[in-house]
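Counting the sequence shown from 1 gives a position; this note's numbering is that position plus 396.
Rather than coming from a laboratory, the hints here were simulated on the basis of the structure.
If you're wondering where the values come from, they're calculated on a predicted model, not measured in any experiment.
We treat Cβ as the ideally placed atom computed from N, Cα and C, and that holds for glycine.
Please note that the accuracy of each hint is not assured.
Derived DEER-like restraints, expressed as beta-carbon distance ranges [stated by the list, open to error]:
#1 P596 to T494: 38 to 48 angstroms
#2 E550 to F630: 14 to 24 angstroms
#3 A521 to R435: 20 to 30 angstroms
#4 E550 to P440: 16 to 26 angstroms
#5 A453 to A568: 42 to 52 angstroms
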Amino acid sequence: GSFDALLLGHLFLGTILSSAGASAFNMLMERDLDAKMERTKLRPLAAGRLGVAEAAAFAGLCSAAGVVYLAWQVNVLTAAISAVTILTYLGLYTPLKTRSSVCTLVGAVPGALPPVMGWTAARDAFEAPAAILFLILFFWQLPHFLALAWMYREDYARGGFPMLPVEEPTGASTGRQVVLQTLALLVVSLLPAFFGMAGPAYLAAALLLGAGFLGFGVAFSVLRTRERASRLFFASIIYLPLLLAALALL
């Protein structure tokens with residue numbers, strides 16, 4: 397269909413503002429825990445380079461500006477999804493991170509909503525393809541984050557985050573979840589070919605990419621080392637843009 401570059405620019409700006417606000421609020425809420433972890437101790441609030449009041453003002457301004465800008469220049473539906481993304485990220489995912497490993501599943505919800513915003517920005521409606529995009533991002537995040545959590549499990553333990561690799565140090569459950577979620581991702585990644593979103597070439601690409609990503613997941617499950625977790629993590633970073641590029645072009 398038609399392509400509106402100006403609308404895309406408005407969507408980018410509103411999303412950047414919303415994301416900046418949510419990220420700043422997250423670092424504000426977790427500043428004491430971030431200071432305990434090697435991976436996050438140099439963040440501005442954790443390191444003491446930025447004050448609480450300044451961070452709160454920045455976070456609030458960016459969050460509000462992002463949602464208002466999207467409602468003004470894109471549409472109300474996209475702005476509403478942005479608001480839901482911010483609220484679930486900060487109101488559900490962030491508090492759960494110190495309480496239960498279920499936080500990974502919950503956090504995958506706000507993490508999977510941005511592609512839905514892209515769809516609603518273009519179509520001004522929530523339709524089945526938007527739900528498929530949500531599912532692809534939802535299932536992709538789980539092996540992506542579990543690989544990261546395995547690599548930094550000691551750090552998460554110091555910070556007081558009961559991630560799955562922290563709760564079960566052997567990693568058996570983590571390995572099973574990685575395989576199950578990469579397999580689920582392979583299945584949902586094929587759906588665009590059956591809903592008129594892409595053609596046979598995409599289907600072949602999705603099968604090839606999904607099988608490759610699943611292979612990295614199985615390799616990690618069999619031998620749960622930091623090296624294999626790192627390979628899985630970087631495979632996830634390569635997999636997603638290639639899949640989305642295939643969906644856009646094929």
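key: C-beta pair E550, F630: status relative to the range 14 to 24 angstroms that was hinted   = The hint (14 to 24 angstroms, Cβ to Cβ) holds, given that E550 and F630 are roughly 20 angstroms apart.
task = Take a look at whether the Cβ-Cβ distance between A521 and R435 falls inside 20 to 30 angstroms.
result = Taking Cβ atoms as reference, A521 and R435 lie about 40 angstroms apart, which means the hint is violated.
message = Does the beta carbon distance between E550 and P440 stay inside 16 to 26 angstroms, or does it fall outside?
response = 24 angstroms, holds
key: Range hint compliance [Cβ, A453 to A568, 42 to 52 angstroms]   = Check passed, 45 angstroms falls within 42 to 52 angstroms.
CB-CB spacing for T494 and P596 relative to the 38 to 48 angstroms hint = The hinted range 38 to 48 angstroms holds for P596 and T494, with Cβ atoms some 47 angstroms apart.
The structure does not agree with numbered hint 3 stated previously, though it agrees with all others.
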